[in-house]
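> Position chain F relative to chain Z; hints supplied.
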Amino acid sequence: MSLFKRVLLVVYTFFITIISGVLLMIPFSSKVLDNLVKLLEDNIYISFYSRVIFFFVVALFFAAGISFLYSGLRKNKQNLAVIKATDLGALSISLASIESLALTSLKNTKGIKEMKVDSAKSGEGVDITLQLIVYPEVIVTEMTKKIQTMVKSDVEAATGVKVMNIFVKIENVTNYTMRSAGE
Amino acid sequence: MSHIRQMPGDENSNIEVSEDVISTIASKATLETKGVSGLSAGIGKQIATMLNREHLSKGIKVLIQGNRVYIDVYVIISYGFRIPEVAWEIQNSIKRDVEAMTEAVVEEVNIHIQSINYESL
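Just so you know, the sequences run in chain order Z and F. For what it's worth, this note's numbering labels the leading residue of the first sequence as 42, then goes sequentially. For what it's worth, this note's numbering labels the leading residue of the second sequence as 14, then goes sequentially.
The following block holds chain Z by itself, in its conformation from the complex:
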């Protein structure tokens, strides 16, 4: 997390705590709400500039909230990992690392125009899904067998993690031939 985001998180959390603390008092006395409304009216509507400042401060908080919400909901593959026990502790390998190894394994395979890799934990090992866009000259069944063997062997050799299944999804066949694409 960048220094800017850290500072933003601290400021955001501080003000949310203060605001929720004030709101907590509302059920106990209607004066709290009246005073709060009066305070806002007295300070926001005094001039055009105060309205603009208020708008931008609230907009900043809104943007920060959306940003933290996005960070929280985004799937962080670095935190998802396959874990193996060792004599001195544990070894966990992130799914992002496994996916990047699978991608590298496919890099020099002829006949593939575009590829995406996804992975998920499966028992003691991992399942890998390859989504491919291939050239029209490719014999899909042959290529599928070849890349399944290659990816399984490369990932297992590098990580020691058992690859349980490799699913290959041919998403599309491109209109370009391998020759026209310079493959």
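In case anyone wonders, no lab produced these hints; they're calculated from the structure. Here the structure is a predicted model, which is why all the values come from computation and not from measurement. The beta carbon of each residue, even a glycine, is placed where N, CA and C say it ideally should be. One or more hints might be untrue.
Subject to a maximum C-alpha distance of 27 Å in a straight line, what follows is the list of computed DSSO-like cross-link-like pairs (lysine-lysine) [said to hold, decoys possible]:
| # | chain 1 | residue 1 | chain 2 | residue 2 |
| --- | --- | --- | --- | --- |
| 1 | Z | K186 | Z | K210 |
| 2 | F | K71 | Z | K46 |
| 3 | F | K47 | Z | K193 |
Short derived list, chain F residues pointing at chain Z, Cβ under 8 Å [unchecked claim]:
| # | residue |
| --- | --- |
| 4 | L52 |
| 5 | I96 |
| 6 | Q104 |
| 7 | K108 |
| 8 | M114 |
| 9 | A117 |
| 10 | I126 |
| 11 | Q127 |
Output of the computed footprint for chain F on chain Z, the stretches with three or more beta carbons under 8 Å from beta carbons of chain F [as the list claims (entries may be wrong)]:
| # | region |
| --- | --- |
| 12 | 136-143 |
| 13 | 199-210 |
Below, chain F alone, put in the same frame as chain Z:
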């Protein structure tokens, strides 16, 4: 911050070893291991560190309980190396160096492989 207290023979003096010291030793041992490209701390871990006030410096998290030490290492591995072998080397190096320099007992060294560095390609 937790410390390990050591009694160097003289009853009136003791040495305190902080988490920072162990973190530095572990960091050096890790970076000297062949196949390690660097240390990494994920965003989630950094937030957890802010909230829990756990020690996490440049990809090393240290927990001290009495004389026992638990270490988590967040590593970036260079492409072409076998991860289990590199991890085993890191674990052994950290245990050896920390125990030799501090007399603490290293109970666990957990290795977290965060990503692969392909610069060697």
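> The structure should be examined with respect to each hint, and the outcome stated for every one.
Quick rundown of the hints versus the structure:
1. K186(Z) to K210(Z): It holds: about 12 Å lies between the C-alpha atoms, which stays within 27 Å.
2. K71(F) to K46(Z): Distance ~18 Å between K71(F) and K46(Z) Cα, so the pair holds.
3. K47(F) to K193(Z): 25 Å, holds
4. L52: 13 Å, violated
5. I96: 5 Å, holds
6. Q104: 4 Å, holds
7. K108: 6 Å, holds
8. M114: 17 Å, violated
9. A117: 14 Å, violated
10. I126: This interface hint holds because 4 Å falls under the 8 Å limit.
11. Q127: This hint holds: Q127(F) lies near chain Z, its Cβ roughly 5 Å from the closest one there, short of 8 Å.
12. 136-143: It holds, with 4 qualifying residues against the three required.
13. 199-210: With 3 residues close enough to chain F, the hint holds.
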